[in-house]
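Novice: Heads up: the protein sequence lines correspond to chains D and B, in order. Offset between the first sequence (1-based) and the working numbering: plus 227. Offset between the second sequence (1-based) and the working numbering: plus 227.
In short, the hints are calculated from the structure, not lab data. Computed from a predicted structure; not experimentally measured. It is possible that part of the hints are untrue.
Covered by chain B, per the in silico footprint, the following chain D stretches (three or more residues, Cβ under 8 angstroms) [said to hold, decoys possible]:
id	stretch
1	270-284
2	426-440
3	457-468
4	530-536
5	599-605
Note that the Cβ used here is the ideal one computed from N, Cα and C, for glycine as well.
If you want the building blocks of each chain, they are given just below.
There are 2 protein chains.
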Amino acid sequence: MAGHPEVFETPAARALSETDKLRLIEALGDIPHSTDKSRVKKKSLDFYWYSPVLKTRLAEMRGDIVVTPRNEADVIQVVSICAELQVPVTVRGAGTGNYGQAVPLAGGVILDMIEMDEVVWTKPGLVRVQAGKLMLKLDRQIRATGWEQRMFPSTKRTATIGGFVAGGSGGVGSVTYGVLGDRGNINAARVITCEKTPRILELRGDQANAVNHAYGTTGIITELEMPLAPAWPWRDVVVSFDGFAKAAEFGQALALSDAIVKKLVTPIAWPIPSFLPRLNEQLPDGRDIVICMIAEPSMQGFADLVAAHGGEVVYDVDAQSVEDDPSSVLPLYEYTWNHTTLHAMKVDKSFTYLQSLFPVENSLEVVDQMIRKFGDETPMHLEMIRFGGQVITCGLQLVRFTTEERLDDIIAYHEANGVAIANPHVWTLEDGAPGKEVPAEQSIFKNHADPLGLLNPGKMRSFRPVAA
Amino acid sequence: MAGHPEVFETPAARALSETDKLRLIEALGDIPHSTDKSRVKKKSLDFYWYSPVLKTRLAEMRGDIVVTPRNEADVIQVVSICAELQVPVTVRGAGTGNYGQAVPLAGGVILDMIEMDEVVWTKPGLVRVQAGKLMLKLDRQIRATGWEQRMFPSTKRTATIGGFVAGGSGGVGSVTYGVLGDRGNINAARVITCEKTPRILELRGDQANAVNHAYGTTGIITELEMPLAPAWPWRDVVVSFDGFAKAAEFGQALALSDAIVKKLVTPIAWPIPSFLPRLNEQLPDGRDIVICMIAEPSMQGFADLVAAHGGEVVYDVDAQSVEDDPSSVLPLYEYTWNHTTLHAMKVDKSFTYLQSLFPVENSLEVVDQMIRKFGDETPMHLEMIRFGGQVITCGLQLVRFTTEERLDDIIAYHEANGVAIANPHVWTLEDGAPGKEVPAEQSIFKNHADPLGLLNPGKMRSFRPVAA
């Protein structure tokens, strides 16, 4: 973008010579791999095209070969070969990230973790699982024992747990449990270092922060030990309001209601509800809404809160039935978080979005200020979460994209008014972080886990390998 | 007390003539009742003697007769008779209140609800139960289904659910779910009005606030519908610190940790740990502690938090085993809330206590200010809770009692410095409330539920029956 030219510096792709490619393939032995062009293309890209800025810049990025390890021994073998041959490695879950988290910037091996999807063990309230496990499958597997995942992205149906931890920060469930980075949401991560002689590290508790939201640049996650939540009987509920201010106030009040058990609180301004396929048929025209997941035993308190805020329940179904059979209306979480943007883009390709954290003290005032400033250019979509012990109002505002300069201006205006932006229109760790730098524990840990700087070189742009 | 003489005005006991007593007894028919003096004495009193102020003033308060209804029909019959004969009625659970909630101020019938202890129904996350159910028994009964009560007092072993709702405000579990008055913590209350022709009212949701913490003055609760919590495997844990400030900071941080599942966070300053029977043998001399109940799957995050705050885990056992067999160390919750005071009083009879809410913005600073001001006169005991969506630091400070004037001064100093006091040294609803008045919904509702003003007359001192 105009103001930040350094953002789009990328490392020169390390041309993998035909000789090296043959050595690599030979060394892989029976580990499944493919150099098929369409497969390599598919596995090189994610939902980066959410961003019109990234769309033009990442579209041609490719790895050289897709390798699909079956187990940890395979991972170690692949990494060892790559370290020997100085081949970049980009780790990939299901590729549901939407700002290029899994797009290789310098070619090399795409390490597709999707086959490593075993549950290692479960205990009451805990699961140990391989990184490639699909999150929907995991929930289905553990639900019978009375537990479910604390949080998941709106892409739960297709996302892997490893991809979520490596590429995400929170999601559905964060309104109760906070974000992945909040102490206590990741019990442990098993990580393979990227070296000629790879080591297996067990990162316990706080240590696991080193691999959360680092896009696979700080080691290869093979297993995760995740604390679970009790599997409540959830209701998918939509409440409509006369005016977005009322919807947002209700959302904030609900997020603050410790006695009402909930998993999702998503205030959405008109006309966004009209973009939500099939659900839109059940929603009143012109009304702002709050999408919620509420535990069934909390519906009495919820109804009282709705009444106190002048809302009207316009949709109320058993969430589990809809997740099991999404043939008509989708599970409500598939209308929230980044799926809201997706549905809007299907209606109007010019839509993109922001990721923002409104200031705690006067969040709804600032939300209102932004609505008044930008109007229909940035239809408002909020997600209420807990983060660092506080209720935080997140904005995933839609943006009607015109030019990069205008997008920069919109971001700058938000930042100037106390709204922290986690910019989804950049492709480095640094530029995407509200603080514009990599957390110290991750930059320090990278020296241990990736001393050669082979894990998607350029992604952590501030890193300079000592050993290279 | 010196500053508030009106607090100790009590209504003249409505002398129950021998004729009326005989008419009453005759009308009771086969409903169990007793006029045995020792039984009447026992059932007229509660733990009012926690307060040296109340101890001298409530000790001689007596009802005339104890009636023990077996079912709702019995309650209706008793109430109808009492309305006919203008006999006061004081409803009683297990009498574990500690500021005279269940002490009759004007004689009459003690309505002992202890025999009405059936579970009406259970659903996932909800229970409907008669008011006289013992809370420990209820937890034991529902635990097999995977649920437990959201919160309970430290007297869980002997308290009734009806008494807790009518006389309490929160307790063990409030650090997660907030207080009973937070919307969503009481689903419904079934209430009998005190009239010649008693009505049965079903108070749903918010409406149930009319009977919460009203000490039985706003109708007779016969059933409660309570939302439950998942039955986590709990650890009873004590962490010790070098200095109370560190203990309090840890307690606050833990209360704010949404990702660490917890039921109890109780910072206690030395020498109070030395007063805790049997547990004290396991605690290091001179150290300040935080008593916690932590869900087992959260122990990794908890350990990290302890380390980050320089604490040391000095006790860590399975909570369920201890509750089932409290023959050595008690369940940790029996060392917290008002039990802390009880244990201290057993060591030194001069102890009493305060109930305070520290200001949200700078609670730990004000805690420190009070410690510096009063020192060993008010050994510090905090309970971390959620209330109205915020983490609140409650003080149940011990007080070495000397005179009522000095107690008044201590309270006044706290109030002057922004600490709200729910005074446990008074016996009316009004004087015990931080705002010194009955919530509007309770004073309004009392006109409907007790138009004759027969429910423990004097307890809601601002009430003037229209019909009397």
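Novice: Against each hint, give a clear statement of whether it holds in the structure.
Specialist: Each hint, compared with the structure:
1. 270-284: Violated, because only 0 residues of the stretch 270-284 of chain D bring their Cβ atoms closer than 8 angstroms to Cβ atoms of chain B.
2. 426-440: holds (count 3)
3. 457-468: Result for this restraint: holds, n = 3.
4. 530-536: holds (count 4)
5. 599-605: With 0 residues closer than 8 angstroms to chain B, the stretch 599-605 of chain D misses the three-residue bar; violated.
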